Amino acid sequence: MTMSPHVILRVVSKVLIPFIVVFGFYVHFHGEYSPGGGFQAGVILASAVILYALIFGVDAARRAVPPAVVRVGFALGAMLYAGVGFATLLLGGDFLDYDVLHPDLSHHTGQHMGIILIEIGVLVTVTCVMIAIFYAFAGRTPEISEEDW
Amino acid sequence: MIQTVDLTQYFDYVFMAMLLSVGIAVVRLRSLFAAVMLTGVYSLLSAVWFVSLDAVDVAFTEAAVGAGISTVLLLGAMLLTSRECNPVPASRHWAALAVVVVAGALLFYALGDMPVYGDPNSPANAYVGMEYMTMTVDDIAIPNVVTAVLSSYRGFDTMGEVFVVFAAGLGVALLLGLGGAAGKRED
Amino acid sequence: MVELLADRFNYAVIIVLMMVGLYAVIASANLVKRLVGLTIFQTSVFLLYITIGKVFGGEPPILPGDVAHGYHAEDHFSHAVYSNPLPHVLILTAIVVGVATLAMGLALVVRIREAYGTIEDVEISDADYSSEVERGA
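Protein chains in written order, with the working numbering: chain A, 220 to 368; chain B, 2 to 188; chain C, 714 to 850.
Please keep in mind that the hints were generated in silico from the structure rather than gathered at the bench.
Since this is a predicted model, take the numbers as computed values, not measurements.
Hints are not guaranteed to be accurate.
[Claimed, not checked] Listed below are several chain A residues computed to face chain B (Cβ distance under 8 Å; list not exhaustive): (1) Phe238; (2) Phe248; (3) Ser253; (4) Ala265; (5) Pro286.
For each residue, glycine too, the CB sits at the ideal point set by N, CA and C.
Next comes chain A alone, as it looks inside the complex (with noise of 0.2 Å):
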């Protein structure tokens, strides 16, 4: 595709991708105090990446973001969650009880490690998958013809 007539979309997602994405890991962090988490954080991450990918091409959008790097992604997340789990049952408490996380009680650290942990276990399941789904559908998109646009 040449990208010759869309100066100004190339300039100014340039300059808004890092943007994007800083407010994607704001939104994550913040969650516990403002609005947030895991799952609308993945999804503007992603997002970030759809944004890079439909300006500058779906290529170049698999040589920053590999597919195969998306692919073990969406496990590794999932999985993370579930191992948080694991570890709350070999500490000697219940499924996702995290106060055995941490012995500091009286400040519920176990509560604040398990959640920060299972949210980004959140955050990498579903940035990989909502590229992934992108990912396969613009695997097979027909170019746009510029008379399209």
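Model the placement of chains B and C on the given structure of chain A, informed by the hints.
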């Protein structure tokens, strides 16, 4: 009757009218492109209504997922399939209308059993949901109660949801290929 | 009757929205249009759940920082009014699962298009029927 009057109650009518007109327009349109874009508008409108209904987390998710990713996916699928849909034949129109009217009438019949809108003492709002507000202070000590319930009290549910998302991603990858070497081969 | 409806007008309108989506699911022969109808239906169900959890005069269920860490919590809860957080949690995850299932459905539609060359259900069943006739079944 409801004693408290909430300012947001007056927004409700506006959102309902907009959602109804967008929804009916989507059903009537034959251009798939217009229908898909209006579905994004529908999601965005409901996200705004979620804010006025105090569900800020849900509004955030709906705006990002419903209006963003869903629209991109529908557009992608539309590009791969067709741009127009055939008109609905009359027999099919009336049959569908009959089913919808009967189903709607049954739901309206059950309307009286629903809790009164905005009532703090309704069965839905008086018991377990509200107890999470006070329990979170004692058990978890984080300000966002929705995150607390999502990841701690109902962590097992959320794990199920994550695995559903994982399974859907796996299913799409199996059906269409991840667009690496496997996807190229079929084109 | 009028008072019953006036107290529950939101559910009445949302039922109509759900039925609009259901009509599109049943009446559309086009599979993409049918999934669009399903999305509308689904979003309306989300609205139904969230309006149940709304409390008039309430605030979003996010606690002030000092209350969340246990300072003057009792005093705060004696006057603060919040909307019900439980439906929010259920719907938040349902939205993400909804887009995942939508993607799955669209992937199937794309494969159907590649196999049959059409996504109108009448034409698909015609193609199936004629191939059955050819096999002499």
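Hints and how they fare:
1. Against a cut-off of 8 Å between C-beta atoms, the interface hint on A:Phe238 is violated, since the closest Cβ of chain B lies about 15 Å away.
2. Interface restraint check: A:Phe248 against chain B, minimum CB-CB distance 12 Å, threshold 8 Å, status violated.
3. Residue-level restraint check for A:Ser253 holds (minimum Cβ-Cβ distance to chain B is 7 Å; threshold 8 Å).
4. Evaluation of the A:Ala265 hint against chain B yields a held restraint, the C-beta minimum of about 7 Å falling below 8 Å.
5. A cut of 8 Å between beta carbons decides the hint on A:Pro286: the least distance to chain B is about 4 Å, and the hint holds.
Of the numbered hints stated above, those contradicted by the structure are hints 1 and 2, listed in ascending order.
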